[in-house]
Amino acid sequence: MSRVLVVEDERHIAEGLRFNLEAEGYQVQVAETGEAALAILSADSPGFDVVVLDVMLPGIDGFTVIAQMREGGQFTPTLMLTARSHPDDVLRGFSAGADDYLTKPFELPILIARIRSLLRRTDWLRAATKETKPQPDEPDRFEFGEKSVDFNLLELRVRGQAFPLTLMEANLLRHLIHHEGKPVSRKSMLEEVWGLHEDTDTRAIDNFIVRLRRYIEDDPTKPRHLLTVRGVGYKFVASPE
Amino acid sequence: MIAGRKKSIAFFIALGAGLILVILTLYIGWVLLDWRKGILLFLGVILVLFIVAGVVLNTIFLVREIRRNAQHDAFINAVTHELKTPVASIRLYLQTLQTHPVDEEKRKEFYAIMLQDSDRLLTTIEQVLRTGRMGLSGAKPNRVRLDLNALIEDCLENTVKLHQVPREALQFIPGPPMTVYGDREEIESALSNLIDNAVKYSGKALGISVQTEQLDDRFLCVRVRDQGPGIEKAELTRIFGRFYRVPGQLAARVKGTGLGLFIVRSVAKRHGGRAWAESEGPGRGSTFVLQLPIAR
Chain C
1288 MSRVLVVEDE RHIAEGLRFN LEAEGYQVQV AETGEAALAI LSADSPGFDV
1338 VVLDVMLPGI DGFTVIAQMR EGGQFTPTLM LTARSHPDDV LRGFSAGADD
1388 YLTKPFELPI LIARIRSLLR RTDWLRAATK ETKPQPDEPD RFEFGEKSVD
1438 FNLLELRVRG QAFPLTLMEA NLLRHLIHHE GKPVSRKSML EEVWGLHEDT
1488 DTRAIDNFIV RLRRYIEDDP TKPRHLLTVR GVGYKFVASP E
Chain W
17 MIAGRKKSIA FFIALGAGLI LVILTLYIGW VLLDWRKGIL LFLGVILVLF
67 IVAGVVLNTI FLVREIRRNA QHDAFINAVT HELKTPVASI RLYLQTLQTH
117 PVDEEKRKEF YAIMLQDSDR LLTTIEQVLR TGRMGLSGAK PNRVRLDLNA
167 LIEDCLENTV KLHQVPREAL QFIPGPPMTV YGDREEIESA LSNLIDNAVK
217 YSGKALGISV QTEQLDDRFL CVRVRDQGPG IEKAELTRIF GRFYRVPGQL
267 AARVKGTGLG LFIVRSVAKR HGGRAWAESE GPGRGSTFVL QLPIAR
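As given, the protein sequences belong to chains C and W, one line each in that order.
Counting from 1 along the first sequence, just add 1287 to a position and that's the residue number in the working numbering.
Counting from 1 along the second sequence, just add 16 to a position and that's the residue number in the working numbering.
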């Protein structure tokens, strides 16, 4: 679950944000001053995925908070949410180290979308670093029927003929093989393979499945290895009867 | 407000132009009337002194203008914040109600929050508009006879509602029944500003008292006493200036437009009274006094 730190001294706005972000499935903590926010961030590193930061705070202001965060090596994606809409203020926010800047009053759906976009980027980064690391516990090769997959070479061999796989295709296939014989939900594929925590367009998976079937099935219209499980997702079967 | 500004600027422009004329006179005079050395020396000294005085005056004016500009910027920022924050909050809750199913209890809570925000918005709007009206010499107060103690009760009630503080935190010590001859809205605004300030600046250390008393047969006064952070001697008069806010931590902690006390003083003056602040110094609370003439 993604964690969001809301730095806002206006109690009404802080509580409104908390309600909405929790409804989105995030875990929310509120800090009322910049000093408190810095203390929470440094004590709890690297616990937060996104910071929503106000500018007009009692004590040190939001610009100082973000500058000190970045100086102290805190690179948590930060969205500044403030009533100050002058271009100079926006530029000041970005040059201090903000990742995004939104002025009050704001559109709630847009704020949520922007927070999601920051989270998505972090997820992508994480997924990318995960991929480059070797995973010794996973098999590098897998054979089924007359086919074999080489996850190191990103290659699928069918009766001596080689088909190149993309990184994502290989990862998806590995995930399905890992849960061999059991149905795997679209959501779990999105989360485990792509590192996304969204329930938006899980149908994107289907295109990948269609492509994989084209490689591994003798007749893609009558799949035997990569089966559809209605209402759930897909299932990989290594040796169908 | 703007007309007054223009007049004062015009004076300093005239001063600048005058000084240039003086310099020219001096120069031409020196060339043409070189032979009358004695008188010239005397005249020269006088004129140079005059120029120096003029330049000093102009510099003072410039510095004051720059300072006023800085205050004006701070004011714009503060008003922007005070206007946009409640609107942002109201919109946030409205959109929340629009997008999520909210149970009955939460919904009531949200309505209450939105009402509070709209009150806050209204307060700020009224302050800004009132400040604008104070500057217009044409707008005379609309005077009627007012029961001061009842008016204070109303203001206390409003403050309690606006700031969500316990009623016991505000003590009212009414003097004998008193009648003021004044503009209801203006007097109410002055009283509300004093009481609101006391609550805002006290933070958690409430314990505010409002007291009315008759000074002599012409004047009565309202004293608003708090246990808040107190005021430096040097700031006691400055705080009544338009847009002025005491610099430092406190102004950052307590949100405000810098108009409240200006309104209090203007209202007092318009009614033939006075307003001033007393404080033993930082950390020792402060007392604001509004003195008004008694209705005959």
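Treat the hints with caution; some may be incorrect.
[Unchecked claim] Among chain C residues calculated to face chain W with C-beta under 8 Å, some are: (1) 1297; (2) 1299; (3) 1300; (4) 1305; (5) 1306; (6) 1307; (7) 1310; (8) 1326; (9) 1345; (10) 1366; (11) 1391; (12) 1393; (13) 1440; (14) 1520.
In short, the hints are calculated from the structure, not lab data.
C-beta atoms are modelled at their ideal positions from N, C-alpha and C, and glycine is treated no differently.
Looking back at the hints listed earlier, which ones does the structure fail to meet?
-> As far as the earlier hints go, 4, 8, 10, 13, 14 are violated by this structure, in ascending order.
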